[in-house]
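> Given chain D, work out where chain G should sit, using these hints.
As they're listed, the protein sequences go chains D and G. First residue of the first sequence? That's 1 in my numbering, and the numbers climb one at a time after it. First residue of the second sequence? That's 1 in my numbering, and the numbers climb one at a time after it.
Read the hints as simulated data drawn from the structure, not as lab findings. Backbone N, C-alpha and C define an ideal beta-carbon position, used for all residues, glycine too. It cannot be assumed that every hint is accurate.
Unchecked claim - Straight-line Cα separation of at most 35 Å, DSBU-like style, residue types lysine-lysine; simulated pairs:
#1 G/58 with G/214
#2 D/225 with G/58
#3 D/305 with D/387
#4 G/214 with G/199
#5 G/147 with D/305
#6 D/341 with G/425
#7 D/191 with D/155
#8 D/226 with G/214
#9 D/225 with G/442
#10 G/421 with D/225
#11 D/297 with D/349
#12 D/134 with D/191
#13 G/442 with G/396
#14 D/226 with G/454
#15 D/305 with D/386
#16 D/226 with G/14
#17 D/226 with G/442
#18 G/442 with G/254
#19 G/420 with G/442
#20 D/341 with D/316
#21 G/214 with D/225
#22 G/442 with G/425
#23 D/226 with D/155
#24 G/147 with D/316
#25 D/297 with G/147
#26 D/226 with G/420
#27 D/226 with G/440
#28 G/440 with G/421
#29 G/425 with G/454
#30 G/442 with G/421
#31 D/349 with D/387
As the list claims (entries may be wrong) - Far from chain G by the CB rule (all over 12 Å, computed), these chain D residues:
#32 136
#33 190
#34 208
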Amino acid sequence: MSVVIIIALLSGAAATLNAVAGSQNTLNIFWILIVLLGFNLLSFLIWLLVTLLPKRSSRQFSSGPLGGIFKQLLEWLTTYTAKQCAVRSASQVWLSWHFQQKQGRWFLGSITHLSWLCYIIGGGGTLLVVLATKQYNFIWSSTLLSDSAFIYLTKALAAPMAWLHWPVPTLVDVSSSQQGASAEVLSQTRKAWAYFLLGCLFFYGVLPRAISWLLCTALRRMALKKIDLDFTATYYQKLQQHWQQHRRTSEIIDSDSHPIAQNRLTEHAFTHKTLPQNALCLGVELSQSAMNGLSRKPSVNVVDKTTQHQAVDAIKNINNPILFFVNVQKAPDRGTNRLMKNLVSSNAKGVYWLVCIDQAATQNTQPCAKHFFPWQDTANQLGIVKKHCVLLETISEQQQQQQ
Amino acid sequence: MNNSNSSNNNNNNKHVLLSIVGHTNTGKTSLVRTLLRDSSFGEVANISGTTRHVEAAKITSNTGFCIELRDTPGLEDSSALYESVSALSSGLANGRNGLVEFVDTPEYAMEFEQEVKVLRQALACDAILYVVDSREPVLEKYLFELKCLSLAARPIIPVLNFIGGDESQQQTWRSTLANLGLHALVEFDTVAFDFEAEKRLYAKLQTVMEPQHKNLDDFIAERAQQWQLIKTACIDITVRMLVQVASTVMAVPKGQPVEVLSNALQENIREQEQKCLAELLMLLQFSDTDAKLIHLPVKNGHWNADLFAPETLKIFGVDTASAAATGAVVGVGVDLVFAGMSLGAATLLGATVGAGLSATKKFGRSFLGKLKGEQNICLDESTLTLLIARQVLLLKTLFQRGHAAQSAIIIDLSSSKEEKKQTAKIAGRLQLLQNTLASKNKELLAAIQREVAKWFVDRIDEP
Chain D
1 MSVVIIIALL SGAAATLNAV AGSQNTLNIF WILIVLLGFN LLSFLIWLLV
51 TLLPKRSSRQ FSSGPLGGIF KQLLEWLTTY TAKQCAVRSA SQVWLSWHFQ
101 QKQGRWFLGS ITHLSWLCYI IGGGGTLLVV LATKQYNFIW SSTLLSDSAF
151 IYLTKALAAP MAWLHWPVPT LVDVSSSQQG ASAEVLSQTR KAWAYFLLGC
201 LFFYGVLPRA ISWLLCTALR RMALKKIDLD FTATYYQKLQ QHWQQHRRTS
251 EIIDSDSHPI AQNRLTEHAF THKTLPQNAL CLGVELSQSA MNGLSRKPSV
301 NVVDKTTQHQ AVDAIKNINN PILFFVNVQK APDRGTNRLM KNLVSSNAKG
351 VYWLVCIDQA ATQNTQPCAK HFFPWQDTAN QLGIVKKHCV LLETISEQQQ
401 QQQ
Chain G
1 MNNSNSSNNN NNNKHVLLSI VGHTNTGKTS LVRTLLRDSS FGEVANISGT
51 TRHVEAAKIT SNTGFCIELR DTPGLEDSSA LYESVSALSS GLANGRNGLV
101 EFVDTPEYAM EFEQEVKVLR QALACDAILY VVDSREPVLE KYLFELKCLS
151 LAARPIIPVL NFIGGDESQQ QTWRSTLANL GLHALVEFDT VAFDFEAEKR
201 LYAKLQTVME PQHKNLDDFI AERAQQWQLI KTACIDITVR MLVQVASTVM
251 AVPKGQPVEV LSNALQENIR EQEQKCLAEL LMLLQFSDTD AKLIHLPVKN
301 GHWNADLFAP ETLKIFGVDT ASAAATGAVV GVGVDLVFAG MSLGAATLLG
351 ATVGAGLSAT KKFGRSFLGK LKGEQNICLD ESTLTLLIAR QVLLLKTLFQ
401 RGHAAQSAII IDLSSSKEEK KQTAKIAGRL QLLQNTLASK NKELLAAIQR
451 EVAKWFVDRI DEP
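Next comes chain D alone, as it looks inside the complex (with noise of 0.2 Å):
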């Protein structure tokens, strides 16, 4: 808006002085009047004829043609040049907001108003300017009126300032400037002429825009208040689910104080070794289907104290190679970790085998490198040589029925 002000006020201030500077010392009130007014003029009927045409009682758009071209243009603009689907949502949300229903036509005659306003101020400013700091004298005069049409004319003109007892050209004033200002004239004749172009720029330009601009700026804030945004619309959708997206926001209450090198094994072997035979068999925290799909049943599943006990009756004293089955897809912790120390440390002598059980495998899935390596690591950690921790793809009870 800003923008548009002072563009407004430049080009005032330019049209006006293009208008002085082709006169030497002579300005020609008719010429200037329609540099600043006339156009202004035709724009303020355009939008009196549009205000009051009668309008469609609907909740589309309904700013006028005018408006429509405008919010058309903008939607355009929006749409193209927009990259993020939140920015284009955002446009239409401000479209809805100062287009749909009457507060589009309000907007659109308050920056109408204001603009013009801003040009015959920026217009006036400089008239003023020009007319404080060189003499002018000034033609007013007629072809085609009678003096007498002609000085009821201006009477006419100058009646608002009149009533302000501002001072307004009498008929030795109009009668000079229709003779070309060619012989001496009064200042004081120059100072009425002067004060009759500043009051017609400010009686028949700033006021009537003012009092519009006020009166539309008014009516859509009234227009505002009644305002009924489609919450529903998809564009509204976008924006709020973009606001939501921004405003969520996380926070770490509890950092962790000791983080731990994840010190993952970056090699891996899907060996599918042959397993020792007259091996002890024993399963870690199996789940009854893993369990059904092995060949070679485990003695014990270890899954609570009392197995864990037998767990470690059975690997004490024994010779035999001692194999402990668990599930590949459900990553080891702490506690399984705990679990399976406490069980190899009940026989140091053993030879120990880490057998990371797929059923996903056999699934038409590939077995994953990142499901494997963290048993690595807890082989690693309980001294199972390499070649000792393998996987084993296994056939799931589901499978087993379908075959």
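Frame of chain D; chain G shown alone:
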């Protein structure tokens, strides 16, 4: 962390603090992600100890009611934890005070750093959501965890995650939890999302948090409304894209190879589909990598600008009644101009050409193009059918996808004959828009949009 949070929260009746706890790798962070609809929350991996801190996030309703979710590290060394808590002189017998003493003991804070973080949150919260991987067997260590948590004297709601698996295992969990007096459990799959399950979770909270009953009621209603609006918006975006795609018609200048423009058409359609996908992902708060579309095998269909096709004439009848009346007068002359064109229903020559004249005002370009020997290309029926079927599948998949799901969606099609028939029918409706006259008719456009949207709703809602 201070334990006075709970009393503060109780004073604020618009705030509920939930601690999400459970054994390691059971999907606690996944649950928070799904409830928040935020796939960027925390870190999810199939490795123990992925979350090693406590992270909080809030879900706020329009009424100001807020549910704070605190994601905690997984309990790992549960058996040892239970033994240590039991070993305390004031341990199990003193309940909450015993647990407070345990978390305040520096020796335990060192040995059970992660577990102590969890217990602190259990003490501080209004309710505990205990997440269970229901595929896992019921092990003693899980029972130890529940016993330790119960010392916090806060309501515990077990959440059975990954419920798509072994039914018998879930039954074991249910009966075990019931034996422990935990009847208010909820089944909630964080990967296969079901909004009804989310509603049930909040409803379970109502049963254990009576003072928050009204707030939770409003909260559930608001979440349900939001979910419905988002689903509707997703369908709307899809239908608009389909309308846009269906009505995309490109003119091939005479003498130019069709292939050049057909490639441009294909690219245009792909772009529109990708744009639609990006908008859907944004609406449903998934990341761009969540879905990857396989390249759509777009075929271009040759389209003759037959403005006198029966469907088009219907619209002509409405728009050009007066023009049809005067058509007989100018019929012959105009007919010569249009010689060689496929006039379709040209038996009523005068009336038809009269209508044609009126249409020419609006669609002069099409006529002009035809006279110049231009050929128009647009999407053919089979490709459009495929595109629709794909969109149905995409929406269905996205609506049932939890924010914790880690695998990308790969859209592939395999549908029954009946489904294909239905899809082809709706594609036929959309193909009406390939006629310039129809695509410019706002009422017809709106009617087709409504029809397609309704069809989408029916298809997505069907089991």
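> Going back to the hint list, which numbers does this structure go against?
Checked against the structure, the hints that fail are numbers 6, 10, 23 and 26, while the rest are satisfied.
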